[in-house]
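Q: From first to last, the protein sequence lines stand for chains A and B. FYI, in our numbering the residues of the first sequence are 1 to 350. FYI, in our numbering the residues of the second sequence are 1001 to 1075.
These are calculated hints, taken from the structure and not from any lab test. We put the CB at the ideal spot given by N, CA and C, even for glycine. A hint or two may mislead.
If the Cβ cut is set under 7 Å, some of the chain B residues that face chain A in the computed set are [unchecked claim]: (1) LEU1031; (2) ASP1035; (3) ASP1047.
Computed list of lysine-lysine pairs in DSBU-like fashion (alpha-carbon distance at most 35 Å, straight line) [stated by the list, open to error]: (4) B:LYS1063 / A:LYS63; (5) A:LYS223 / B:LYS1060; (6) B:LYS1026 / B:LYS1006; (7) A:LYS331 / B:LYS1006; (8) A:LYS331 / B:LYS1026.
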Amino acid sequence: MKQKNGHARKLILRKPVIVMKFSCFLPLAHLDNEHIAAEYNDPKWSESKIYRKTGIRSRRVVKDELVSDLAVGAAKRLFDEYGIDRNSIDFLLLCTQSPDYFLPTTACIVQHSLDLPTSTGAIDFNLGCSGFVYGLSLAQGLLSTGAASTILLIMSETYTRHIHPMDKSTRTIFGDGAAATLLDKEDIPRIGRFVLGTDGSGAPNLIVPSGGMARPRSVDTAKETTDEDGNIRSMDNIYMNGPEIFSFTLRAVPDMVRRTLERNDLSSEEIDMYVFHQANRFILENLRDRLEIPEDRFYIDVEETGNTVSATIPIAIRNALDKELIQEGSKVLIAGFGVGYSWGATVLRI
Amino acid sequence: MNAMQKKLELIANALDVDKDLIVPEKVLEELEEWDSMGVISIISMLDKNYKVQLKADQIKDLKTVSDILEHMQER
């Protein structure tokens, strides 16, 4: 038995040390609390209060950039930082809820902008905060069946384009950004087992009501209304029922995390770092307390980017790698949850 | 401090209001702090202290302080 272990260890040591690859791209413009507070001129939404309630100091927001621009920025950075040959990619998975067009598929536009081979498969998938976990599950499937050998997985989101500037409930939370990840056969064993879930009854609680076929944009949908909290928006804008989304999170996430540990035969203590969807600091701290996870193994990183929807988990992993809070071999439990409702979790061996 | 006082203080702290304002018959709508952030703070307090997770219709049904107190049952 001893010999067998020794042999296995030698084999592992001979393999080159490569961590999973993550790169990020954020738009240049900053939107900080000082600026937001000055616009609202409401003592309930002072600079310090916004920070205290959300843990967010500043967000990065697009001006003219499109989701495809951020996606291309993140992918190019990935190619540069890890010396990746773009011709090696044979599948592009892009997650967004603010695509350039209804059609064509944004992933097709990105394939062309990145000059990826025309033999590359490319699809978009429409998910929000659970998108990265679902993207990994799709990638694992494509790699396992041999349908793809090298996958470029991109999360790119510009929610601020959906937000009315006078809607404090969303403007203080969301930022724009993109993250790119490369996955090949070597990564299959790094991706653990998944726990996924959906509850479409939550659809009305986080929604852009108009613009799709159910309610096309019109003069009527553009009419602004003010809610009881003084937030202004129209049906063309994003609406978030904050209390209900928060309550859903508390109902769904702790159970999902426990089941993810079970399904991966791991105890809570064996996880080196918990990297959840970076919704905001308040939600994350509530979940951390609820799950009784020690602070040093629960990553919170919302201060400078805000909630970038599907991009938060890969951005957070990259930041945690840069800060050496996680390294090659670290077991990282990731959990995404939100719009849909949709949720998913797994364990990564970085 | 009796159990009721303790509960009222938890509510006052969650809403960040003077505890003299928090009495069982108080109508929540009358409190400036009863906005979406205030509701979220109450949901958080109930989850933390009483392991209660409110559903959407239960959140809508919170009209007075005593409606919140109903969810604050020691188990």
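Q: Against this structure, judge whether each hint is valid.
A: Each hint, compared with the structure:
1. Evaluation of the LEU1031 (chain B) hint against chain A yields a violated restraint, the C-beta minimum of about 12 Å exceeding 7 Å.
2. Taking 7 Å as the C-beta contact cut-off toward chain A, the hint placing ASP1035 (chain B) at the interface holds, the least distance being around 5 Å.
3. The interface hint given for ASP1047 (chain B) holds, since its Cβ lies 5 Å from the closest Cβ of chain A, which is under the 7 Å cut-off.
4. Annotation: proposed proximity of LYS1063 (chain B) to LYS63 (chain A) is violated, straight-line Cα distance about 42 Å (limit 35 Å).
5. Under the criterion of a C-alpha separation no larger than 35 Å, the hint pairing LYS223 (chain A) with LYS1060 (chain B) is consistent with the structure, at around 26 Å.
6. Taking the CA atoms of LYS1026 (chain B) and LYS1006 (chain B), the gap is near 16 Å; set against the 35 Å cutoff, the hint holds.
7. About 41 Å separates the Cα atoms of LYS331 (chain A) and LYS1006 (chain B), which puts this hinted pair outside 35 Å; it is violated.
8. A threshold of 35 Å between alpha carbons decides the hint, and for LYS331 (chain A) with LYS1026 (chain B) the separation of about 49 Å lies outside it, so the pair is violated.
Of the numbered hints given earlier, the model fails hints 1, 4, 7, 8; all others are met.
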